[in-house]
Each structure stands twice: as structure tokens, then as C-alpha cells.
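Those sequence lines, one after another, are chains A and B. So for the first sequence, the working numbering puts the first residue at 36; every next one is plus one. So for the second sequence, the working numbering puts the first residue at 77; every next one is plus one.
The hints are simulated quantities; they were obtained by calculation from the structure and are not laboratory data. Just so we're clear, the structure is a prediction, and the values are computed from it rather than from any experiment. Wrong hints could be hidden among the right ones.
Cβ-Cβ distance ranges computed for the label pairs, FRET-style [to be verified]:
id : chain 1 : residue 1 : chain 2 : residue 2 : range
1  : A       : Leu-80    : B       : Leu-551   : 38 to 46 Å
2  : A       : Trp-172   : B       : Arg-313   : 38 to 46 Å
3  : B       : Arg-562   : A       : Arg-40    : 22 to 30 Å
4  : B       : Arg-565   : A       : Met-93    : 51 to 59 Å
5  : A       : Phe-44    : B       : Gly-88    : 33 to 41 Å
6  : A       : Ala-174   : B       : Leu-452   : 20 to 28 Å
7  : B       : Val-330   : A       : Tyr-149   : 30 to 38 Å
8  : B       : Thr-536   : A       : Val-53    : 49 to 57 Å
9  : A       : Leu-200   : B       : Leu-93    : 29 to 37 Å
Where is the CB? At the ideal position from N, CA and C, for every residue including glycine.
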Amino acid sequence: MKNYRSAEFAFLIGIVVVLGFFLILGAWYYAYNWSVFAFPLVLGLLAIALAGMRMVKMLGAPAAEDEADTDGTEAPAQSPVQSPVQSPIAAPALFEGAAWAQLGWLIAMLIVSYLLGFLAGPALVVAAYLKVHRFGWLAIVLMIAGTLAITYLGFTVVLQVPLPLEPFWSR
Amino acid sequence: MSDILTGLASFGSPEALAFMLAGIAIGCIFGLVPGLSGLTAIALLLPFVYGMDPGVGLSFLLATHAVVNTGGSLTAILVGIPGAPSNTATVLDGYPMAQRGEGGRALGAALTASAIGGVLGSIVLIAMLPVLQPIVLYFQSPETFMIAVLGVTFIAVLGSQDMVKGLLSGALGMFLATFGYHSVSGVPRFWLDIDQMLDGFPLIPVALGLFAIPEIVALGQTGGGVARRGIAETSLRNILKGAADAFVRIWLVVRASLIGVFVGLIPGLGGETAPWMAYAAAKATSRKPEEFGHGSVEGVIAPEACNNSKEGGALVPTLAFGIPGSSAMAILIGAFFVLGLEAGPQFLRNHMDIAVHLSVTLAVANIVAAVLLILLGPYLARVTVVPGRILAPLLMVTLIVGTYSVENNLAHVLFLIIFGVLGFLLKEFKFNRPALLLGFVLAPMIETYMHIASRAHGWTFIFRPLPLAILVIILLALLWPAVRRRRGRADR
Chain A
36 MKNYRSAEFA
46 FLIGIVVVLG
56 FFLILGAWYY
66 AYNWSVFAFP
76 LVLGLLAIAL
86 AGMRMVKMLG
96 APAAEDEADT
106 DGTEAPAQSP
116 VQSPVQSPIA
126 APALFEGAAW
136 AQLGWLIAML
146 IVSYLLGFLA
156 GPALVVAAYL
166 KVHRFGWLAI
176 VLMIAGTLAI
186 TYLGFTVVLQ
196 VPLPLEPFWS
206 R
Chain B
77 MSDILTGLAS
87 FGSPEALAFM
97 LAGIAIGCIF
107 GLVPGLSGLT
117 AIALLLPFVY
127 GMDPGVGLSF
137 LLATHAVVNT
147 GGSLTAILVG
157 IPGAPSNTAT
167 VLDGYPMAQR
177 GEGGRALGAA
187 LTASAIGGVL
197 GSIVLIAMLP
207 VLQPIVLYFQ
217 SPETFMIAVL
227 GVTFIAVLGS
237 QDMVKGLLSG
247 ALGMFLATFG
257 YHSVSGVPRF
267 WLDIDQMLDG
277 FPLIPVALGL
287 FAIPEIVALG
297 QTGGGVARRG
307 IAETSLRNIL
317 KGAADAFVRI
327 WLVVRASLIG
337 VFVGLIPGLG
347 GETAPWMAYA
357 AAKATSRKPE
367 EFGHGSVEGV
377 IAPEACNNSK
387 EGGALVPTLA
397 FGIPGSSAMA
407 ILIGAFFVLG
417 LEAGPQFLRN
427 HMDIAVHLSV
437 TLAVANIVAA
447 VLLILLGPYL
457 ARVTVVPGRI
467 LAPLLMVTLI
477 VGTYSVENNL
487 AHVLFLIIFG
497 VLGFLLKEFK
507 FNRPALLLGF
517 VLAPMIETYM
527 HIASRAHGWT
537 FIFRPLPLAI
547 LVIILLALLW
557 PAVRRRRGRA
567 DR
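Given these sequences and hints, build the entire structure.
Okay, structure coming up:
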């Protein structure tokens, strides 16, 4: 829990740094006039102030107070009736390599699609994904067919999207 | 009257019907797979509606979202795992019924209650639209500005336990929306001298990154099939018996549906709250409360009727004022902008026909989904044994190719990943993602109307009667967490 709170603290500092960077950029590098800059300035300063308030609260409050919160896609914890049934999908994944690996696969799909195009790229990454997760060859072949069905049949033939099927760099 | 006829004609067009049916099929599948919510479905489909007729596109998304709960009830009953978070209450009595061989009856009762609830929700919506239309005609730029601020405040404050986190999410979303060309002066803001940043962050990668990627990451983490238990057997005869149960207890269905509509009407209250409220009310008024939790058919009917009716309620503030009644409605408001429409009072003033189209879609989609699942449900439930790691890469492909295809721009895929990482962190640290998206969507509208209002009326526009009343509501919403805390302490 301590690590989790430290990570959230670092996340808040990150938000403050990014917002501060853009506000400084707007004020000095781009030197926007007041009518252009006022709205983002107010919002940026408000967000920085709120992040500061959250950090101050974190330093003073016990960890348990944060546990009951939600990310806004579920009911707040103080709902009239509480759910005794747990969701089958585990929520905390911040320190699990598997969660970051999934994001890594997404980035890999972007890079390989750039290198090989939208026909071979996604199919290759899907095959590698399944191989790494120890699926059999039959599942891999079926999934490659499924991927090609999505990219070629779904997008190119049915939706008539002009997807770059050849490598991006060769265009 | 002409709006109603135009809306009905638009609903009846072959294109609209085809997309609605496609939406129902997709929504049912998303409902069946635990971990894939209606929110993810609506976010994933956002790129596909780009360029569609607005009525057809919105109806496609709404049909998909509206039936996710219906699909989710199936796995809640037959496998004991809620397909969508809002189906959790159904597990309590649905799964015990399935375990003692009454799975078909529970399924029939749940699906019938869902259909009736969905229809009742849309009836309330249809009844309220003509009442709200003259009210929104009164709205000018000051009122529209204030109502948009109210929308962000409501979802930020009421959707989070921690008000500071909610407001920070909303402010961050609004700040991110200021990147790119300023709508009034045309000056590009914070563009880092990169051409792809001149138009700012596009909505589709932002919405997909915030909502779809974190769910796909969670799905990819589940090694085997989400459902590791057996799937209970059902028969059509038992399903029809359950359907009869729902009709016999029609007042329970109506009462639970009205609870759903009421909760849906209040922005930010949370869709997952409503079924539990209906469940508690059903138990309190039941002649056999001791059976609840052990396989009571009333414990299945109440949450399912409520689940589907709340979408009708949630659409009322969404369509009339641009204030999303739920987090999925925040993405739907994003879809308005993708389709070239403006959410809020302007929408009901200019597009009553689309509002009618959406209301009818909600009713019909719920009925079609129930019939479809009564016939095919037990077979479709087998999708829950498909491992998450099979579904995750396919969804990644759809996500990346879908995002690219909107404007054939690879930079958008890069934005998708950046916002995906942000969405993952926000989810982990329990920041309010819907508030961030709504702030992002409404910020340009807020800035533009603030500019117009201040030019036309001076800064005293805030003291006009309606803006002042909305300001008071905003202040009350900001005070609400303190009241909630004080009540909590008093209860303890």
C-alpha cells in the first residue's frame, strides 16, 4: 500500500510538471495574448492546485481512506447498497508485469504495423502474443485468420477503408 | 409532430435497422464476456460511426450499450459471474437458482424483466422529451455555458468518493482540450511545433485510450477462460416459465424499473448502484424475504428490470442538457461531436427527430435482445470459456486499425497509446475517467459560449436568473461530499 501511495504521489507530481511545462511554454515561448491564454491558464492552475490539495491530503490521511474510491465507472463506495460479489477481473495491476506487458504488446503492434503494414504486422504480433502465452499452433493459425479477417475483410473490403497493407516506410 | 414522424421514419430505414441489429449482437457478446462492459463497447465502436448518418450512428452505439446488461445477466445466472458490473446483484439469486436446476426459469425471468424495464425506461424518456423541449428553448449562450459547467461538476463530484480527484480529472480533461487551434482566434495552442498537434488531441483516440485500453489490459491479464465453472443447462420450457414469472410480478417489474429511471436521471450517481437499490426494495416488500440470496426469482427480476430501465433515465439529462446520466453517456456525448452534433440544449432544439429515433431504438433493442437471448442464450454463454488472452489481441487489432482508419493518420494511434497509458494509471489510482472525458468533450463548448456570453451580456451574465440558479446547484454539488461525510460520521 505504501508503494501504491508513493506511485500515486509520483503520478500527481507528473501531472503538475506536465501542466507547469505547458503553461510556461504558453506564457514565454509562444507568448499568447490574454484572450487565447486565459482559459487554459485558469484550468491549468486549477488542476495544479487540486493536485497539490490531493498530495497534502495524502500526506495527512491514513491509507485506508483511499481504498474505497472508484474510477468513476462504478458507483462510489458510499452507495446505498454495497456489492458483496467480486468482479472476476482483478483491479489492482499497477505493480504487475503482466499489465505493463499488455501495454507493451500494443506498442509492439504499432511499431510492427509501421514496419510491415496493416496486413502482416498485426497478424505477426498476434501470433507472437499467442506463442508467448503458450497457445498451440492450431489456435495461432485460427487467430491469424481472424486477424486477417478483421484487417482485410472487415476494414478493407467491407468498410472500404484504404488501409496501408504495405509497409508505411515504403509509401 | 413532424419530428416524431421523421424520427420514426429514420428509425425504420433499412440502414438504421441493420446497424441497430448489429449493435444488439455486439452488445450481447460484450455483455457475455466478463470484463468487457458497455462502456468498452461504446468506446471501441466510436471510430466506426465516423461519417455515418447521425441518427444511425447514435442509434448503433445506443443499441449496443443498452443490451450489454441483458447479455450480462446470462453469465450472472448460468455461470455465476456477472457479465457487466451492473449484473452483480443478479448473481445472488440467479446462480443459486441455476445450481438447483432452475437456470432456465431464472434466465426467462431476467430477460423478460430486462425487456420490460428497457421499454418502460424509453417510455419515460419519450414522455419527458416534449416537456423538456420548451424549457431548452429558453437557453441562450449564458445558460448553455453554465449547464456545461454543471455537467462536468456533477460527474466529477458525484461520481467520485474523493471530490478533489474528480474535479482534478475534469480540469485535466478540459486543459487537454485546449491543445490545438483556439476556436475563437484560430491561434494554435501548445502544439510543440508539431504539425499533427495543430488540431489538438482527437476525440476518438482519447476516448478509446481512456476506456478501452485499460479494460483490454485487464482482460489480457486473465490467463484462462473467465468462466472456470460449468455452464448450467436450460430448456426453452423453463425459460418461458421464467418469462411468465416476470409478468405475474408485473408491479415488482414496474417498481424496480421506476427506481432505475430515477437513478439514471441523476447524473453521476452510478449505474451499478441502481440494481442494488431495486434488490433492496424488492426484498423489503417481498412476502418471502428469507428466500433472497438463496434463489428467489424476485431477486432476479428486480435488479434486471432496473438495469435496463436506467438507460432511459440516463438519456434524459444527456439529450436535454448534455449532462451525462452515466459514464457510458459521457462517451455517447463524445459520439455527438464525432457525428457533427452538439450535445446539450441545442440538440433537443434542432434534432428532436434524432431524440425520438434514439428513444424508439432503446425500446426495440431491449425487446430484440431479450428474444435473441431466450433463443440463443445458452449457446452464446459458451463464449465465457474463451480465454481472455485470445480476446485481448483481437481487440488490440480492432483498436489500432479502427483508430487509424478514422483519418488514416498513424499519429492518432500514437495518441491512443499515450492516452491508454494515462487511462490505465487513472484507473489504477481511481481517478474519475468519465469526468476527464466529459471535461475534454465539453471544454471547447464551455470556452466558446463563455466568450459569446461575456461579449453579448458582459460578465454580469452570471446574475441572470437561470445561470444564477445553475450556479447555486453547482455550489450545492460541491458541498455534497462534505454533507455525505458528515452523514457518514453521524451514522457511525
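Evaluated hints:
1. A/Leu-80 to B/Leu-551: 38 to 46 Å: violated (20 Å)
2. A/Trp-172 to B/Arg-313: 38 to 46 Å: holds (43 Å)
3. B/Arg-562 to A/Arg-40: 22 to 30 Å: The hint (22 to 30 Å, Cβ to Cβ) holds, given that B/Arg-562 and A/Arg-40 are roughly 26 Å apart.
4. B/Arg-565 to A/Met-93: 51 to 59 Å: violated (21 Å)
5. A/Phe-44 to B/Gly-88: 33 to 41 Å: The hint (33 to 41 Å, Cβ to Cβ) is violated, given that A/Phe-44 and B/Gly-88 are roughly 56 Å apart.
6. A/Ala-174 to B/Leu-452: 20 to 28 Å: holds (24 Å)
7. B/Val-330 to A/Tyr-149: 30 to 38 Å: Violated, since B/Val-330 and A/Tyr-149 (Cβ atoms, about 56 Å apart) do not stay within the stated range.
8. B/Thr-536 to A/Val-53: 49 to 57 Å: Violated, since B/Thr-536 and A/Val-53 (Cβ atoms, about 36 Å apart) do not stay within the stated range.
9. A/Leu-200 to B/Leu-93: 29 to 37 Å: With Cβ atoms ~33 Å apart, the hint holds.
Checked against the numbered hints listed earlier, the structure breaks hints 1, 4, 5, 7, 8; every other hint is satisfied.
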